[in-house]
Each structure stands twice: as structure tokens, then as C-alpha cells.
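Using the sequences provided together with the hints, build the complete structure.
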Amino acid sequence: MQDLGLSHLWTQGDFVMRATAISPVGEALIMTAFGLAVAIPAVLGYNALTRGNKGVISKLNRFAHDLHAYFVTGARMRPTSARPDDTSVRLAVKNQ
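Heads up, the sequence shown is in the working numbering, so the first residue is -1 and it goes up one at a time.
Rather than coming from a laboratory, the hints here were simulated on the basis of the structure.
Be aware that a few hints might be false.
As the list claims (entries may be wrong) - Derived Cβ-Cβ restraints for the label pairs, each shown as a range: (1) His63 x Ala26: 28 to 38 Å; (2) Ala62 x Ser21: 54 to 64 Å; (3) Phe61 x Ser21: 29 to 39 Å; (4) Ala73 x Tyr44: 52 to 62 Å; (5) Ala31 x Val70: 50 to 60 Å; (6) Gly33 x Val54: 29 to 39 Å; (7) Asn45 x Leu65: 26 to 36 Å; (8) Thr30 x His66: 26 to 36 Å; (9) Arg49 x Ala26: 32 to 42 Å.
Being a predicted model, the structure only gives us computed values, none of them experimental.
Don't be surprised by glycine CBs; every beta carbon is placed ideally from N, CA and C.
Structural data, given as C-alpha cells:
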């Protein structure tokens, strides 16, 4: 039966042949480990920054809606945890 893979290199006893055949594989594994060591923290950092940006954008969007409602109605909106929609603007106009 034909031998597949690198196992035949271990049985031949020629250390130079084994070293030259296995060193590119080992080098590739080491470079893969370095790549993962760089990529995983980069992805985690990117996700953290993206999550932070979403929070800031949400606050700015809420402020923009409150400011627009103030300009339209002239009345200050009550602070809410959710984004004001058209019904809250209509209620503010109706209450004046």
C-alpha cells in the first residue's frame, strides 16, 4: 500500500530530508499561530468599538428627534428611554 502524508519521512532515518520537508510545515503552523494571535484581539477590539459607536449614535439620534420635536412643537419633550416616534410628537402638539 502506498504511504500517504509525511509518516514515511520518520522511518527513513535521513534527518536532513525530514528537516527540509517538515520545516515549511512547521513554519506555516507558527505563522498561522501568529496570525491568529493578531487577528483574534483585533476582531474583539473592533466589536467593542462598534458596540460603543452604536450607543453613541443611538444617543445622538434620540437627541436629534427630541430637538426636532422641540422645533416643531415648541414644547420640551419628556425624557424617555425609547426613541420618540410620530405619536409622541403628535401628543406634544395636541397638549399645547
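Cross-check of the supplied hints:
no. : hint                      : result
1   : His63 x Ala26: 28 to 38 Å : violated, 54 Å
2   : Ala62 x Ser21: 54 to 64 Å : holds, 60 Å
3   : Phe61 x Ser21: 29 to 39 Å : violated, 60 Å
4   : Ala73 x Tyr44: 52 to 62 Å : violated, 41 Å
5   : Ala31 x Val70: 50 to 60 Å : holds, 58 Å
6   : Gly33 x Val54: 29 to 39 Å : holds, 31 Å
7   : Asn45 x Leu65: 26 to 36 Å : holds, 30 Å
8   : Thr30 x His66: 26 to 36 Å : violated, 52 Å
9   : Arg49 x Ala26: 32 to 42 Å : holds, 34 Å
Of the numbered hints stated above, those contradicted by the structure are hints 1, 3, 4 and 8, listed in ascending order.
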